[in-house]
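Number of protein chains: 4
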Amino acid sequence: MQTQGRPRARDLGIPFDGTPAALNAITDVPGIEVGMTTLISGDGPLKVGAGPVRTGVTAILPRGRTSKDQVFAGWFSLNGNGEMTGTTWIEEAGFLEGPILITNTHSVGVVRDASIKWSVEHGRTSQAWSLPVVAETSDGFLNDINGFHVKPEHVFAALDGARSGRVAEGNVGGGTGMRCYGFKCGTGTASRKIDARFGGYIVGVLVQANHGTRDLLRVAGVPVGQELPEPAAGRAADASRARDALGEAGSIIIVVATDAPLLPHQLKRIARRAALGLARTGSVSSNGSGDIFIAFSTANAGAASVPATAQVSMMSNTRIGAVFEATVQATEEAIVNALVAAETMTGVDGHRTEAISHDALRQALRKYNRLK
Amino acid sequence: MQTQGRPRARDLGIPFDGTPAALNAITDVPGIEVGMTTLISGDGPLKVGAGPVRTGVTAILPRGRTSKDQVFAGWFSLNGNGEMTGTTWIEEAGFLEGPILITNTHSVGVVRDASIKWSVEHGRTSQAWSLPVVAETSDGFLNDINGFHVKPEHVFAALDGARSGRVAEGNVGGGTGMRCYGFKCGTGTASRKIDARFGGYIVGVLVQANHGTRDLLRVAGVPVGQELPEPAAGRAADASRARDALGEAGSIIIVVATDAPLLPHQLKRIARRAALGLARTGSVSSNGSGDIFIAFSTANAGAASVPATAQVSMMSNTRIGAVFEATVQATEEAIVNALVAAETMTGVDGHRTEAISHDALRQALRKYNRLK
Amino acid sequence: MQTQGRPRARDLGIPFDGTPAALNAITDVPGIEVGMTTLISGDGPLKVGAGPVRTGVTAILPRGRTSKDQVFAGWFSLNGNGEMTGTTWIEEAGFLEGPILITNTHSVGVVRDASIKWSVEHGRTSQAWSLPVVAETSDGFLNDINGFHVKPEHVFAALDGARSGRVAEGNVGGGTGMRCYGFKCGTGTASRKIDARFGGYIVGVLVQANHGTRDLLRVAGVPVGQELPEPAAGRAADASRARDALGEAGSIIIVVATDAPLLPHQLKRIARRAALGLARTGSVSSNGSGDIFIAFSTANAGAASVPATAQVSMMSNTRIGAVFEATVQATEEAIVNALVAAETMTGVDGHRTEAISHDALRQALRKYNRLK
Amino acid sequence: MQTQGRPRARDLGIPFDGTPAALNAITDVPGIEVGMTTLISGDGPLKVGAGPVRTGVTAILPRGRTSKDQVFAGWFSLNGNGEMTGTTWIEEAGFLEGPILITNTHSVGVVRDASIKWSVEHGRTSQAWSLPVVAETSDGFLNDINGFHVKPEHVFAALDGARSGRVAEGNVGGGTGMRCYGFKCGTGTASRKIDARFGGYIVGVLVQANHGTRDLLRVAGVPVGQELPEPAAGRAADASRARDALGEAGSIIIVVATDAPLLPHQLKRIARRAALGLARTGSVSSNGSGDIFIAFSTANAGAASVPATAQVSMMSNTRIGAVFEATVQATEEAIVNALVAAETMTGVDGHRTEAISHDALRQALRKYNRLK
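Chains as they are written, first to last, in our numbering: chain Y, 1 to 372; chain B, 1001 to 1372; chain P, 2001 to 2372; chain F, 3001 to 3372.
Ranges between beta-carbon positions, derived for each pair:
| hint | chain 1 | residue 1 | chain 2 | residue 2 | range |
| --- | --- | --- | --- | --- | --- |
| 1 | F | Thr3019 | Y | Ala22 | 39 to 49 Å |
| 2 | F | Gly3049 | Y | Val306 | 44 to 54 Å |
| 3 | P | Thr2346 | F | Glu3343 | 56 to 66 Å |
| 4 | F | Ala3196 | Y | Pro7 | 37 to 47 Å |
| 5 | F | Thr3019 | B | Ser1305 | 25 to 35 Å |
| 6 | B | Gln1363 | P | Thr2344 | 32 to 42 Å |
None of these hints come from the bench; they were simulated from the model.
Backbone N, C-alpha and C define an ideal beta-carbon position, used for all residues, glycine too.
All chains, full assembly: derive it from the sequences and hints.
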């Protein structure tokens, strides 16, 4: 669990471009609610089905729990070694019908069916068919992933508990057991407020980060991964490295939200920019990585339910660059926030993943004159 | 259930182009095994969770139950109002790692997680993560779809029961409760043997057909749907029509298999041709339809497991047209086979979907001089 | 050239589904103008650069010559053995900025640069850069394609001569030297008027058809190609068959226009339906074929030039099936119109391509009780 | 023109990851030949058709001038405000048939048709149709782009002059009049040698860089653009800024070559990684930018011409991360090389674009302790 008052990346003096909105979180976009279920139990040797358990569920409700309204959306797969269900319909229709859920790789199914059940019971969806969006990253290094510990009630809890306001980061929700760039990682978020000349819109990003090897890590342009090399022993002990002969495991799911009035084909452009924010932290999007991104806009309320012809707002392409830049910036910061918020965790078979040391991180940035 | 000895489309004298292989089934492609679980129970009013149940699971194992080897694959969405999990990784890697499973829309999740469990327990997959392919069509008109009646054991049974040889058609497996062009429909299959000049390869197709309104149906070019109009009463009673203001509900999943040595980018071309076979039966691929197709090749055994550089065979693009034509032909026939094999079914709340009358069908073809 | 008063497909009694608008042409969509330059000169042996010449240029101006306004657009490649420039920007921006031009394969470049020159001189485009849409099919069997006979003035003439009203068909414009299904072919058009319940919109289609082998041809579901087999001698003489070991050469460009208020992602759906109309005429979209389709909407005038946020209309996805069906129907008829309108032509080295006999075509349809 | 002996980026002490091959150029990949035509003439006020001229053509021949053999290829559009012809066929077939040519936006057509003529005359292509790859960026700020100064002979010269060995950088070839990040820019190249554990393959990159605003520029992680702000006067004088309300104009074409045995679907993955290298230099891929990338492999010689079934080599996906990382690194360095090699240029109407000062660049890196 994230400790209250734990510093975020910019509290450490790490410089980022652009201006965050009030919470520096995806919930700065009005209407968005986020809920999480965090499952941590057991210690010691792996007993499949018994634990240890280090996993969870994150739910993002674009218009909150009480609205049945859909949002325009688009998606992009930078490296498709992962799952995001529901994307075929988003590509076709341009609409995201319900929540976005993120969990571990082997719990996508239970989360999907449970979210249908929740939607049907809350009268949010057609009785006849529903195509939920559920994404994942793999926590098998720390979690008993083949024990299938996520149950329908955990999904309902994440959905029912969704709230606006501050978003927990680090070892929480779907990000509980995740690691990135060789450090403990997980859930991170950030936001940007676009200049009033370009509409003053908000862009919010939430990541579930579980990608990359340590040598690649760059923070604010500084080669932090090379400054803080992984102990040789740590490398050997890391079974998840077997995913990829090059030693880079993992995945990252990136969710971009905005209130800018963007159409579906424009939101695909936004989703693609998440790749550029990810690149700023050093990733080369390795073969073993499911780097899948989704973007949605909370503008154009009601567009999905107009029976004949809806009147919708479309931001001019000539201004969209402001959203591009905000997306790149907020993605970069959300990843660093996940890294900074996470705390050292020990999981199955005593596997241990260290959090990045805030002091060591600051020292690396200071060496390159990049500490604010 | 399909009655033994029930005639198939060409037994009725319906003419099709091209030459089928021995079984006129997807299992004509050597190595392919198909298994199905059919769930039919209860009658009368819908009680969510109790039934009536009219659903199932179909499993296609490209190299059979005993092989852990992968196959090259490609996919295409003609109209994405549906789900096929695992496609993002197929697009990226070019490999299909395990079985293809087809079920009802609201059971995709349980089938997905259960197939991971089955794969892990059979040592077929990495312990760390798995991205199964599960597709669906919606049987909510006849089946208690929100009762979630498909359980893990039904998935295991379909997988463990997979066999080569004859493939059941009609109201079986995932196709149990499906309807197409206003008639009872479901599972269908067909195959083609390509001319020896172009390699003598086999193309096999299996469909789970649940699409289209009656007026659109064409069989062998004959406007059968216009010859056999739906009774006005039937139209009104059909709740699933509410899916689409134009009255066209449903979806079709098409699986194309071949032993022709095709690379992933070539298999995407094959998947796209399924659309042309579908069009021959009259579909315009309506908004409410999840028309999603996958193609794989059983050639190039072992290509996925070579650690450095694999030597693989690639059919010349100059010959691939033979596979295109076989795909179009076998898809057309598989759909008509599904229609011909299905039998009238009554499901939830007494909803009844009539099978097409073989006599009426023959009469329509005779009127247009198209009966063999 | 098309003879005045020459019958069109439905004049011959060929049955088609749906209701055409006034002209049964793409120009039924208000505002659309079409212009063509037809180049026919010389006879006898091929002398590269001298002739014989059998080619041309077709220009489609979505809002006519006098408007500088853009239209929403989307595209789809069913089989990409062809060129349509400008599509990368359409995919990105959702806008088609200028005319659509169609010519022979080796003249795409000159047509592209000339259309920029024309646009700059008419103040229709930015001075700084322009990305025109130019598509092609290959007329090398009848035309001195490597003589590069299309010149900038021919492009200007097609653009300056664009008009609303009746559209010439057959051996005209870019379609001058084209052949399809083994017969002389070229330019064809058709339209549909959608039922008032779904908005009463118009869908217009224009094709430049140069695809398919004779055995595949189906008209109104009747296997006309098998009824009118190609003389053995004709097959041998046809050098263009070398394009494809399976004997299927050629390409088809399909342009779909509508006044239905569709957004870019919806127009991609429309472009994809052109494939289903093509399939109804028998094509399997062979390897040698550039089957590339573009769809645009003349609704939402001015959307491209609003500097901040445009208000645009979007047809509900629940009604879009009406546009799908109209597109399939009009595409099918436009292809048959091209075939019916074309006249026998002799070109380079005495190559001769016969027009389909109207009498033989009617006889084939009568045999299958499909003549109205 | 590039001055002989002018330092390249790493000569200035700029640190890059990875190990370049011998020339640190795309021509390190065996067999590749590069040719350029540079057109510089005239000064003073723009007279359309007369000049001043600041443009050119770059030709990349994957297997050199004397081979007619094709290569496997894949492409990716990060932001499609640009043109790359021929990509629809590459996507379909997986093969790049001829050279890649890069020029200015308004000369794509002449270069395309001239390259067909060259290919036909050299017996390199079918007589019947050819689909060349021609890409562009816009030099309208310095060059009389609407004067259409590139002529067929300039294309032939670039093709005939193609050679292996050292590649000129900066104001040469298609890159002659280009600018990036507010500085004079143009052509750049770099390469990487992959570790022998992963096959020891070469990855070479060539860019034509014309993108980005100055504030975004990052070199080796250092915010150089913020350290070297653009003079206010310069911003006002820059007409090309009108392309984009956000002030970011331009485009970048990136060509990635390798001798690693990659299949077409794998080469699409490589093309996508160019985006990550671009992101390291600070780009957010603005709306006005045509950021289009192509990757090809010189392995698998002869695969395109086997009539039935070719035997081809495929690098395992588990090793492909080495190529990903090399692509990201070489792309980053090629862009910085273009920037470092370019020299201040004055063009139409006295428009002047300053080269980056090597001293100022080194000073900025030194400030952040990033100078080697």
